[in-house]
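Student: Below, each chain spelled out in residue letters.
There are 2 protein chains.
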Amino acid sequence: MSTKITPQTLKGFRDFLPDQAIKRNWLINKLKNIFEKYGFDPLETPALEYASTLLGKYGQEADKLLYLFEDHGKRKVGLRYDQTVPLARIISQYQNITKPFKRYQIQPVWRAENTQKGRYREFLQCDIDIVGEKSLYADFEIIDLVLKSFKSLGFKKTKVLINDRKNFQNINNKFINSIDKLPKIGEKKVIEELIKKGLEKDKAQSLLNEIKNKKKTFDIEKLFSLLKNQGYQENIDFIYLPTLARGLDYYTGLIFEVIDEDYQAGSLGGGGRYDNLIGLFTGQDMPAVGFAFGFDRIIEAAESLNLLPNIKTNTQVLVTIFSPDLAKISLKIAEFLRKNNINTEVYLNEEAKLDKQLKYANKKNIPYVIIIGPEEAEKNLMKLKNMKTGEQKLIKKGTVPF
Amino acid sequence: MSTKITPQTLKGFRDFLPDQAIKRNWLINKLKNIFEKYGFDPLETPALEYASTLLGKYGQEADKLLYLFEDHGKRKVGLRYDQTVPLARIISQYQNITKPFKRYQIQPVWRAENTQKGRYREFLQCDIDIVGEKSLYADFEIIDLVLKSFKSLGFKKTKVLINDRKNFQNINNKFINSIDKLPKIGEKKVIEELIKKGLEKDKAQSLLNEIKNKKKTFDIEKLFSLLKNQGYQENIDFIYLPTLARGLDYYTGLIFEVIDEDYQAGSLGGGGRYDNLIGLFTGQDMPAVGFAFGFDRIIEAAESLNLLPNIKTNTQVLVTIFSPDLAKISLKIAEFLRKNNINTEVYLNEEAKLDKQLKYANKKNIPYVIIIGPEEAEKNLMKLKNMKTGEQKLIKKGTVPF
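Top line first, the protein sequences correspond to chains A and B. Residue numbers 2 to 403, in my numbering, belong to the letters of the first sequence in order. Residue numbers 2 to 403, in my numbering, belong to the letters of the second sequence in order.
Be aware that a few hints might be false.
If chains are identical, the list can't say which one is meant, so a pair holds when it fits in one copy or spans any two.
DSS-like mimics (lysine-lysine), calculated; alpha carbons at most 30 Å apart, straight line [claimed, not checked]: (1) Lys65 <-> Lys384; (2) Lys185 <-> Lys198; (3) Lys380 <-> Lys31; (4) Lys313 <-> Lys149; (5) Lys340 <-> Lys33; (6) Lys340 <-> Lys24; (7) Lys204 <-> Lys157; (8) Lys365 <-> Lys31; (9) Lys135 <-> Lys357; (10) Lys340 <-> Lys152; (11) Lys197 <-> Lys386; (12) Lys33 <-> Lys152; (13) Lys229 <-> Lys185; (14) Lys182 <-> Lys215; (15) Lys340 <-> Lys175; (16) Lys364 <-> Lys135; (17) Lys33 <-> Lys149; (18) Lys333 <-> Lys386; (19) Lys152 <-> Lys329; (20) Lys333 <-> Lys216; (21) Lys149 <-> Lys182.
Hints in this document: simulated from the structure, not taken from any laboratory.
Can you build the whole structure from these sequences, using the hints too?
Tutor: Structure (structure tokens):
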């Protein structure tokens, strides 16, 4: 036990030191708050599931993306890969859950994928789903909630791209995948891909044209009417994009993807209706519609647009200890400040020089410092120092400084 | 893919449906809030660590308690077993972290132990630690914070049992383990155990007496003086217990354990000073003191003492949809209520009978329902129904009902 252990984080995994963790918590709380405003309640499921549960949806060929292993009881288990499979399991396992079941779930998931910029093996998923309601009001509510969420985070040019999977009926999946890329790679490249996948040039062009010109389905018309009633503007807040496909096969109806025009590095989340997936567990159809917020992408976008609070610590003030004989006064003042809802640190060593204590406050980005020297103590005062401006003022001991 | 998947949770793992998740979140938020009041910032580390990191502290014989496996890249990895090892790794890996480093960490840990009542294989750990400060003010702050935490949760008879590991210098660990049990099993059984472990009867009795009569160490005296200065009462809020040992070998100084006299089923958390552990990673001494809140135990205790809010849903009101033609009015009202910070659900199907909608509110324990029928709509009113009392009243459409 005396050999030194090399400290390292696994590739694709991240430590979140306080400055990052504070930002992430800020975002999580904002989202939770708005989810609850719409009547969504929290759900939590275990990190480990039976491998059969995980493989049931993705199939055996997916086991390379899963963290699977045998536990000490020889059970084949695996780490949560998404939050949709656990949700489906929950719906099936607890049959008496009141439906529609509206839940949010914010937990990490694990994927044994190749790492690349912005791709991690452990990342936070942030999902909202409505299970057990086939009415379009559920789809509308999800989109309304998504738009309100981004607005509450400070995003200004959020737009929901919307399509109906019914637009792709009788079209081969491999062609759909190419057509989906239209906004990214342009028409010429889509045609090239379609040709590579076996279509003749004319056929490729006519297939693309056919899809580009698809009229809105009945469901889209109704959804758009609800969105307009709520004050959203077509083509600004939401837009019909008949080539939008979204990768996952399990969508059955409306699908949506969110972008912000101030952030070009990719979509900030996506979702849609999947009325057949939960049936894998329940053995009977169970309509569902949901949305997954791309947490890391949103953090990145919010950071690049300066929407995140620039907080390095939650601490508002450091109470210094001038000398051992004055330490107990400092402790009392700290208690008073905390009682008045001010996040307060006390310097934890009575023998440190004041200079060292001020340096500590600076390093930790604590905005204010309180000093109680012998003079201040005698006059029942405390000195409040603004660490940014250097400004100092004397205030009464029993007053809340801000 | 057409075979039904059997839905089941692994033994020792738990789903938290909304009613439980809401309670847990309430507790987590209370604790975070008070941790931040004392200047502790959040830290998060990955679920997976290198196996060598995990085994470095616990030794090879611990691998039966760990979830270890090989990842796709043939790395030996394992699930987080506690939050102290990751903390030690962090301190070593990011040498420029400002010290004292005060962090809280609230994440699940995984232990492949035998399950029994109140023991799980996945459970939430909730730790506060101060790293890099050897002054007793750090120990004092931890205890002060612990007492304030339990008070803020509504516990009334919280008591911190305190001892100094220096009281056990030169005494064999196996004897200490028996003496530690004194409050639980009584003097007679302790003596029996000591005899079984090889002491003669006289020696056993005199060893126990010797420890029971140990005078307070200098550190304990100083700590008690600080606690008294802060208004805590000896033997009520805190007490010297010279037989307290706490299992873990790595403690080096003061140790503490929290009980509440209204709850007899066990301690609610424990901690102490461990000045040598982090050195396993850093290769140099790094003083540290911390405390782990027993999250599940606290939930259980708080539940038995009726300290948890009796909330089954976060939703405050359900806005019903009287008929398809009135649906859009309901959606507008819901938006208005949400803007005014009321957690509001809309019934998501315009064709459901009102009766069904009220039943849904009842099942979900939503306390209020709003109804806008043709009459109300015409007069710009809405009907507010208290689902508990049955009381109904008409209010203006543009007013916040509570």
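Student: If a hint holds in the structure, say so; if it doesn't, say that too.
Tutor: Here's how the hints hold up against the structure:
1. Lys65 <-> Lys384: neither (61 Å within a copy, 56 Å between copies)
2. Lys185 <-> Lys198: within (19 Å within a copy, 74 Å between copies)
3. Lys380 <-> Lys31: This pair counts as neither: shortest intra-copy Cα distance 44 Å, inter-copy 36 Å.
4. Lys313 <-> Lys149: both (27 Å within a copy, 25 Å between copies)
5. Lys340 <-> Lys33: This pair counts as both: shortest intra-copy Cα distance 27 Å, inter-copy 15 Å.
6. Lys340 <-> Lys24: both (25 Å within a copy, 24 Å between copies)
7. Lys204 <-> Lys157: Answer is neither: 40 Å inside a copy and 77 Å across each miss the 30 Å cutoff.
8. Lys365 <-> Lys31: both (25 Å within a copy, 24 Å between copies)
9. Lys135 <-> Lys357: Result: close only across copies, 16 Å inter versus 64 Å intra.
10. Lys340 <-> Lys152: between (34 Å within a copy, 12 Å between copies)
11. Lys197 <-> Lys386: Answer is neither; intra-copy 69 Å and inter-copy 63 Å both fail.
12. Lys33 <-> Lys152: This pair counts as both: shortest intra-copy Cα distance 14 Å, inter-copy 26 Å.
13. Lys229 <-> Lys185: Close inside one copy (28 Å), not across copies (67 Å); limit 30 Å.
14. Lys182 <-> Lys215: within (17 Å within a copy, 76 Å between copies)
15. Lys340 <-> Lys175: neither (62 Å within a copy, 44 Å between copies)
16. Lys364 <-> Lys135: Between copies only: 20 Å across chains, 55 Å inside a chain, cut-off 30 Å.
17. Lys33 <-> Lys149: both (12 Å within a copy, 27 Å between copies)
18. Lys333 <-> Lys386: within (18 Å within a copy, 49 Å between copies)
19. Lys152 <-> Lys329: between (47 Å within a copy, 22 Å between copies)
20. Lys333 <-> Lys216: Cα proximity of Lys333 and Lys216: across copies only (29 Å, versus 71 Å in one copy).
21. Lys149 <-> Lys182: within (27 Å within a copy, 56 Å between copies)
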